[in-house]
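Taken in order, these protein sequences are the chains called A and B.
Each step along the first sequence adds one to the number in this note's numbering, with nothing skipped, and position 166 is 166.
Each step along the second sequence adds one to the number in this note's numbering, with nothing skipped, and position 102 is 102.
Watch out, some of these pointers could steer you wrong.
Reference excerpt, derived from the structure (chain A facing chain B, CB under 7 Å, subset only) [as the list claims (entries may be wrong)]:
(1) A141
(2) Q142
(3) P143
(4) Q162
(5) A185
(6) D186
(7) A194
(8) I207
(9) A211
(10) T212
(11) R214
(12) R224
(13) G225
(14) A232
Source of the hints: derived by calculation from the structure; they are not laboratory data.
These numbers were taken from a predicted model, which means no experiment stands behind them.
Glycine included, C-beta positions come from ideal geometry on N, C-alpha and C.
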Amino acid sequence: MFTRRSLIGGSIVGGLTWPWLRASAETASAGVTDSEIILGMSAAFSGPSRGLGIELYRGASAYFEHVNRAGGISGRRIALKLYDDGYQPDASVNNTMKLMLEDQVFLLFGYVGTPTVTRVLPILKKFQDEDVFLFFPFTGAQPQRQPPYGEFAFNLRASYAQETAGLVENFVQVGRRRIGVFYQADAYGRSGWAGVRAALARHGERIAGEATYRRGTQFTATMRGQVELLQAAEPDAVICIGAYAACAAFARDAVDLGLRVPIANLSFVGSESMLGLLSEGRDPADADRYTSLLVNSQVVPSYHDTSIPAVREYREFMQLYNPDVPAELVTEQYMPFDYSFVSLEGFLNAKIMVEILRRLGDEPARGNLERAVMTLRDFELGISERVTFAEDRRQGLQQVYYTVVDDGRFVTLGDWEERFS
Amino acid sequence: MQVIKVRKLFQRTLFGVFALFGFIGISTSFLLIDTVNSYLTEEYETNSLGIAQTIADSSVDILLNRDLSTLQSLIDQFIEIQGISYVYIRDETGEFLAHTFVPGIPEEILNADPTDISTVERQLPGMGEFVEVSRPILAGVAGAVHVGMDSGMIALQVQRAIGRQVYLISVVFVLGVVAAIWLVNLAAKPIGDVLTYAVALARGEEQEAESMEGVLGRKDEAGQLARLFAHFSRGHVSASSSDGAG
Numbered sequence: 001m002f003t004r005r006s007l008i009g010g011s012i013v014g015g016l017t018w019p020w021l022r023a024s025a026e027t028a029s030a031g032v033t034d035s036e037i038i039l040g041m042s043a044a045f046s047g048p049s050r051g052l053g054i055e056l057y058r059g060a061s062a063y064f065e066h067v068n069r070a071g072g073i074s075g076r077r078i079a080l081k082l083y084d085d086g087y088q089p090d091a092s093v094n095n096t097m098k099l100m101l102e103d104q105v106f107l108l109f110g111y112v113g114t115p116t117v118t119r120v121l122p123i124l125k126k127f128q129d130e131d132v133f134l135f136f137p138f139t140g141a142q143p144q145r146q147p148p149y150g151e152f153a154f155n156l157r158a159s160y161a162q163e164t165a166g167l168v169e170n171f172v173q174v175g176r177r178r179i180g181v182f183y184q185a186d187a188y189g190r191s192g193w194a195g196v197r198a199a200l201a202r203h204g205e206r207i208a209g210e211a212t213y214r215r216g217t218q219f220t221a222t223m224r225g226q227v228e229l230l231q232a233a234e235p236d237a238v239i240c241i242g243a244y245a246a247c248a249a250f251a252r253d254a255v256d257l258g259l260r261v262p263i264a265n266l267s268f269v270g271s272e273s274m275l276g277l278l279s280e281g282r283d284p285a286d287a288d289r290y291t292s293l294l295v296n297s298q299v300v301p302s303y304h305d306t307s308i309p310a311v312r313e314y315r316e317f318m319q320l321y322n323p324d325v326p327a328e329l330v331t332e333q334y335m336p337f338d339y340s341f342v343s344l345e346g347f348l349n350a351k352i353m354v355e356i357l358r359r360l361g362d363e364p365a366r367g368n369l370e371r372a373v374m375t376l377r378d379f380e381l382g383i384s385e386r387v388t389f390a391e392d393r394r395q396g397l398q399q400v401y402y403t404v405v406d407d408g409r410f411v412t413l414g415d416w417e418e419r420f421s
Numbered sequence: 001m002q003v004i005k006v007r008k009l010f011q012r013t014l015f016g017v018f019a020l021f022g023f024i025g026i027s028t029s030f031l032l033i034d035t036v037n038s039y040l041t042e043e044y045e046t047n048s049l050g051i052a053q054t055i056a057d058s059s060v061d062i063l064l065n066r067d068l069s070t071l072q073s074l075i076d077q078f079i080e081i082q083g084i085s086y087v088y089i090r091d092e093t094g095e096f097l098a099h100t101f102v103p104g105i106p107e108e109i110l111n112a113d114p115t116d117i118s119t120v121e122r123q124l125p126g127m128g129e130f131v132e133v134s135r136p137i138l139a140g141v142a143g144a145v146h147v148g149m150d151s152g153m154i155a156l157q158v159q160r161a162i163g164r165q166v167y168l169i170s171v172v173f174v175l176g177v178v179a180a181i182w183l184v185n186l187a188a189k190p191i192g193d194v195l196t197y198a199v200a201l202a203r204g205e206e207q208e209a210e211s212m213e214g215v216l217g218r219k220d221e222a223g224q225l226a227r228l229f230a231h232f233s234r235g236h237v238s239a240s241s242s243d244g245a246g
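One chain only, chain A, in its complex shape (with noise of 0.2 Å):
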C-alpha cells in the first residue's frame, strides 16, 4: 500500500547565495514551485523496521518545519513527499519510479535501508540526464559510494564498513579476536559481513562463525537455531548487521540458551525500539542481564551529552514540533520515541539538506545541485566534526559513535577495556 502526503510549510527569505550558482540557475525545475520545494522519501513506515522510517522522518520533520516556520528557502516550504516501501526492495522502486515519474520531485531524501537503496540506485543511473540525486540515505552500505552508482548519491553518515572496522579493531584491542557474525541474509547484511570479514583480514584472523535471518523477522520468531551455529564458533564477540527486531530476538536467545559474549550491533540497528523490546515487561535487573552485553555502534553523537551545539538544537526542536507521521501512514501501532540516535540522524541530514538548498540561490534546479554540495567544506554542523563533501568524498561525515547499555539507557562507551576485557 502507498500512501503519500505533502507535509511542511513555510517561507524563508534569503539564505547564503553562490554568484555562479544564481547565473547558472534555470527556471521552473522539476520539484519546484512558487511556494515549495518537493522532496521525495520512500521509507519503512510499517512493517518490523517501521521505527526507522518512522524516527527519520521525525528527527528531518523537526528541522524541516523549523526553516518552513520561519519562512522557508527563498520564500519556498519544504515539502516531503512521503510513500511507505515497508523496507522491501520492489516497493521502493515502484515509489521511486512514481517519485519520479509522476510526482517529479527535485531530489530522493532520506531513504531507508541497503536492500532498497541498492535496487534504486540503478534508477538514478537510467535517469541520469535528469540529475536526480538521493541524498543521506539511511544507509551505510558501498554501493552508494562506490562506482558504478556512487556519483548519484550523496551520503552524511559513516559507512558500514567504518563502523564494523572500528567494533572488529576494539574487540581485538581488548583480546576478543574470535568475531562471529550474525545477519540479515541480503545486501544489507551482506555489506556488513564484508566489512566485519575486512577488518578481521587487517589482523590475520577470519569470522569464526556466522548465521543469517530473514529481513522481516519478528523479535516473536526464535533465534535458537542461529544462536546454536555460533556457539558451535565459541566466538569471543559477535557482530549483528540486522534490524530492531531480529537483533533484540537474538540478544535475547542468546542470553537465555548461555551465549554471554559481548553482542554489537550496528547504527542501522535502532537502539532504543531494541532496547524498548528487550526491556519491555521485565524487571530492571532481569532487563539488565540481556542488555548489559550489548554495545552499538552509532554514526551521529549520544542525543544525551547536551554539551553538543546541535543536539541541544534537536532536543529543541523536537520538544517544540514533537512531529507526527501522516495519519495515511499509520497502519500499526507505534509509540515514538522522545529521542533517538536514528531521529538525531534525521534531524542532522535536514540541516546539512537546508544548507544545501540554500546554496541553490532564488531558482534551484537540479542541475546545480552537486555544484552545491561541493561548496560544503568544513561547515559548521554542530558536532564535534565538521562536514566536508568533495568529488573523491561523497560522504559528509566519517567519525563512528560506540554505546552501551547503563540505567535502561544507551550512553557512550567510555572504556572497551573495563567494559569488555
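Put chain B on the given structure of chain A with help from the hints.
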C-alpha cells in the same frame, strides 16, 4: 415368455474393453511419467544453468569492484523465481562470498569441493532434496555460481502433469466402457430375440413364437437365422404330421 439375454458374449466383450483401456491407460501413464519427468527436469536444469550463467556473467565486474552487497542483491532477485531454492557464490579459494541460506550454510555444502561444477543431487537436512547446477565465473579463476533447484518442486510439477493425463484417460475409459456396453447390447439384442424365438419354436409354444415374429422381418443375419429356424420348424411340424397319418 422369458426373454433370453446373451450374457457370455456381453461379459467377454466388456472384459476385453476393460483390458484394452486398462493396458492403454497404464502404459500411457508410465510413458508419460518418464517423458514429463525427463522433460521438466531437463527444462529446470537448463533454466537454472541459464540463471547461473547470467549471475556468473554479471558477477565479474561486481566481484572485481569487491562490492559484495550488490552481489547479494543480485542473487536475491533470482531466488524469487519458482523452483530456485538457493544460490551461492564461492570464490576461487572456496570462500563463500554470497549466499541465500538461513540460518546458515548447510554442512554438506560447506564441505563440498569448491572446484566441482558438475550437476549434483543434494539432500540437505531440514531443507529437502535439490538438484544443484554450477557455472564458473571468469572461466573459474574468480570462483563459481551454484544454483539449487527444489527436486520436490519438479516432482510436484510431474505429478500435476500426470494427474491431468490420468484424469483424461479415466474420462475416456468411462466413456469407452459406456459406449461398449451400448454397442454390445445393440449387437446382442437381435441374437437374444432369435434365441428366444428359437426356444419358443422348439418348445412348441406357437403363441409366444408368433409374438416374436417381428424378428423374421429383420434384414440382417439375425432375421435370416430366425427365418431359417422358422423354415426348419415348419418342416419338422409337417414331417411329424405325415408320420402320424401313415
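Going down the list of hints, with the structure as the test:
no., hint, verdict
1, A141, "holds (5 Å)"
2, Q142, "holds (6 Å)"
3, P143, "holds (5 Å)"
4, Q162, "violated (15 Å)"
5, A185, "holds (5 Å)"
6, D186, "holds (6 Å)"
7, A194, "holds (4 Å)"
8, I207, "violated (10 Å)"
9, A211, "holds (5 Å)"
10, T212, "holds (5 Å)"
11, R214, "holds (5 Å)"
12, R224, "violated (9 Å)"
13, G225, "holds (4 Å)"
14, A232, "violated (10 Å)"
Hint check: violations occur at hints 4, 8, 12, 14; the rest are consistent with the structure.
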